[in-house]
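Each chain, written out:
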Amino acid sequence: MTAPAAVEHWQGDDVRLADVESALAKLRAASAPPGSPPDLRTSVMTHIAWIPAGWQDQARAALAGMAEQHPSRALMLFPDPDSGEHRIDAEVSLECYAIPGADRNICSEVIELRLFGARAKAPASIVEPLLISDLPVFLRWRGEPLWEAQELDQLVRIADRLIVDSTEWDDLPYPYTRLAELFDRTAVSDIAWARTSRWRAILASLWPDIADVGTVRVHGTAAQAHLITGWLRSRLGRPEIALEHVPADRLEGIDLDGSPVSFPPGDPPLPSDVLSDELDRFTRDRVYEAAVLAAAQ
Amino acid sequence: MAVDTQPTDENPLLEGLSLRRTPDPCALVIFGASGDLTHKKLMPALYALMVRRMLPPRFAIVGVARSDGDDDAFRKDMKEAVQKHARDEFRDDVWNELAESMHYLATDFADEGGENALADLLTQLDAEHDLGGNRVYYLAVPPAAFPTIVDALGRRRTAKGWTRLIVEKPFGHDLESAKELNRMLWEHFDEKEIFRIDHYLGKETVQNMLALRFANGIFEPIWNRQFIDHVQITVAESIGIEGRAGYYESAGAIRDIFQNHLLQLLALTAMEPPIDFTAESVRNEKVKVLKSIHTPGPKSVVRGQYGRGYIEGEEVPAYREEKGVAADSMTETHVAAKLYIDNWRWADTPFYVRMGKRLARRETTIAIQFKRAPHPPFEETSAEGLRPNVLLVHVQPDEGVSLAIGAKVPGQGLSIRTVHMDFLYGGTFRTGMPEAYERLIVDTLLGDGTLFTRADEVEEQWLLVDTIIAAWQRDRPGFPNYAAGTWGPPSADDLLKRDGRSWRRN
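These protein sequence lines map, in sequence, to chains U and B.
Numbering-wise (the numbering used here), the first sequence opens with residue 1 and increments by one.
Numbering-wise (the numbering used here), the second sequence opens with residue 1 and increments by one.
Treat the hints with care, as some may be off.
[Said to hold, decoys possible] Far from chain B, by Cβ distances over 12 angstroms, these chain U residues were calculated:
#: 1; residue: 217
#: 2; residue: 237
#: 3; residue: 285
[As the list claims (entries may be wrong)] Examples of chain B residues lying across from chain U (beta carbon under 10 angstroms, computed):
#: 4; residue: 10
#: 5; residue: 183
#: 6; residue: 184
#: 7; residue: 217
#: 8; residue: 218
[Said to hold, decoys possible] If you want a taste of the chain B side facing chain U, the calculated C-beta under 8 angstroms gives, among others:
#: 9; residue: 117
#: 10; residue: 121
#: 11; residue: 269
#: 12; residue: 273
#: 13; residue: 275
#: 14; residue: 446
#: 15; residue: 448
Keep in mind that the hints were calculated from the coordinates and are not lab data.
Where a beta carbon is used, it is the ideal one built from N, C-alpha and C, also for glycine.
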């Protein structure tokens, strides 16, 4: 990860979206020294992050590791619906990275919007004017979505892909049932699922012996335990496969009918790399969807 | 590296898993292990692949060279090379793992003793690391050494495992020697086992030419004589011969660059869409282009040799003043040519190509110049700064693509000028670009020959070069005819001026 060569910054309270757009244009113009060619804005997507209270730090950390690989306009939405005020505060940053061998920078835009009171209730109307035309829209929802909330409904409607991390959810596997209701509306990625990929490759290498497995013991998060078991149930066509979950902060081991599976080679991917991989996906992940449905049974 | 979704007929757990294809266990034997290529390119590439876990889990490297030495000395030497030339930060844990797999054998391979020693070492490594008898032999040696090595390897090859042979350029000196080299290789190796390297094909931007053309619906319909006025391909180096007078005196720019890199760039630019991206499909289309190149007449190919001049403000010697170069050398350091491709797509569309050493700057570009708008409805003065649309593929440096378009200058009236829309690789995808050799080594380990040159491609390239060189025997240009640090001799400019065109301003 490289630190930006330059960061241009603008902040405003109780703003209109036109103020944000105007600030972006000014920051772009100001980012290059006088007489130099203007910096480049290259984007491959609009990345919306819905970040309820308590998730700010993690969200910023994940974004910091990603801007280099996925130049984008990032719209970070911090809802505060219980506030007594009704307004939008904005911070706009232009993060510019030096292009090796060229005297120009390449810039990514980060727009942080704090949505107070009623302004947090209709986020799509705030986001849509700021989307980059013709580019895919990825929605990262921090924490467990409010399944009945109109905010989720609105943002899913404009997103090409919803990215969640079911490790952040309580009371699994029930929320998977609610998640499955979105499958026909938008493609879904789950970072918890992505983190199991190295282990799934190891388990796949155990075919055909694994076909008769009766009990899977997973030492990891609840999400990983349910998703791996759901995956085996759905792929092997055996819904009776039982799960024994041994809680751990990360996936530390899997036993099949009491026999431990060998540890996958290499280092686990960084959080920003996992998110980055999901941003490279554009189609529905039918295998994941089947695993979720089987996990929720 | 190619990412495959594995077949799912038998194993239902593989569906949806994006598994990186892992090369089989094998031994990589590098002949010429004490040479520049090994130090500057191969070992840094192997280190980069180790960092990214792209080498086989069971792997051995055997360096073979004439210099005295042992495993420890070889590892020390290679460690320094990696620290100096690798694109990744040096990590002891990665290096130690790579170094463990490295061995060295000092032999000139001229007698059975050397052959036996290598065979014994490989047998031992097979047993220790379960390599399955799989071998990659990398001939990073001068062509004169090929026959001895190839013959020895061929005579001793066994039925166990697979064998692949990487052959570095130059592949022959002319058509006859290239054919002879092919015949020699085929005595012991199947064409599918031979990987002729043209490292330009390993460059990301060269492969991006295929993505640009065949992944974008907007370009292919206009990628023909109806819409393209002409194509310019430039392979320019600002460096001189860097102490390689022995090679360069007999090769010249036409064998060093034109025969391989330049003709490959031209083939990728002009080829028809392949039916798929397999090795045979892509190479079949490239061969068709090479076969279609009209033999240029003497006036369509010009050559030059640099005299003294300035590079980056520093005076540099003339070619004939370089160490090891004859004082009356007639070796060309610059070639410019106008080529035509005689097929339905390109008939009458000139491909102007130029390449050389000690030119004004290092640059490899492919410029597609489109025909002018038929009737711009503007006053002549308002559009005087307007140039034709050009799609510019930057191969190196500043890898990327630019499109020159006409745009209105803000303000009163209607003044139009040319602006560039840039896509820079380094700007959009900031993940490090792999070096060409990393890609090519992995492809060899996987047995994928798509980015390597097939025998018939090489022979077609030499056929054209031999014809041009034969014509050169009939005249004797006054060398030197361009100053170092310029874009070549005036005759190269005349080549386009005669057609009412000019080289793009670099």
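Holds or violated: the hint that residue 117(B) contacts chain U, with Cβ atoms closer than 8 angstroms.
33 angstroms, violated
Double-check residue 184(B) for me: the hint is only fine if its C-beta lies closer than 10 angstroms to a C-beta in chain U.
41 angstroms, violated
Would the hint on residue 273(B) be counted as holding, given a Cβ-Cβ threshold of 8 angstroms to chain U?
23 angstroms, violated
In terms of Cβ atoms, is chain B entirely out of 12 angstroms range of residue 285(U)?
7 angstroms, violated
Was the hint right that residue 183(B) lines chain U, CB cutoff 10 angstroms?
43 angstroms, violated
Chain U contact restraint for residue 10(B) - C-beta distance below 10 angstroms:
Holds, about 7 angstroms.
Just double-check residue 237(U) for me: nearest Cβ-Cβ distance to chain B has to come out over 12 angstroms.
8 angstroms, violated
Close enough to count: is the Cβ of residue 217(B) nearer than 10 angstroms to one in chain U?
Status violated, d = 14 angstroms.
Proposed interface contact between residue 446(B) and chain U, which counts if any beta carbon pair is under 8 angstroms:
18 angstroms, violated
The hint names residue 218(B) as touching chain U; please verify it with the least Cβ-Cβ distance against 10 angstroms.
Because about 13 angstroms separates residue 218(B) from the closest Cβ in chain U, which is outside the 10 angstroms limit, the hint is violated.
Return the status of the interface hint for residue 121(B): holds when the least beta-carbon distance to chain U is below 8 angstroms, violated otherwise.
27 angstroms, violated
Would residue 217(U) pass as off the interface with chain B, using Cβ distances and a cut of 12 angstroms?
18 angstroms, holds
Of the numbered hints listed earlier, those contradicted by the structure are 2, 3, 5, 6, 7, 8, 9, 10, 11, 12, 13, 14 and 15.
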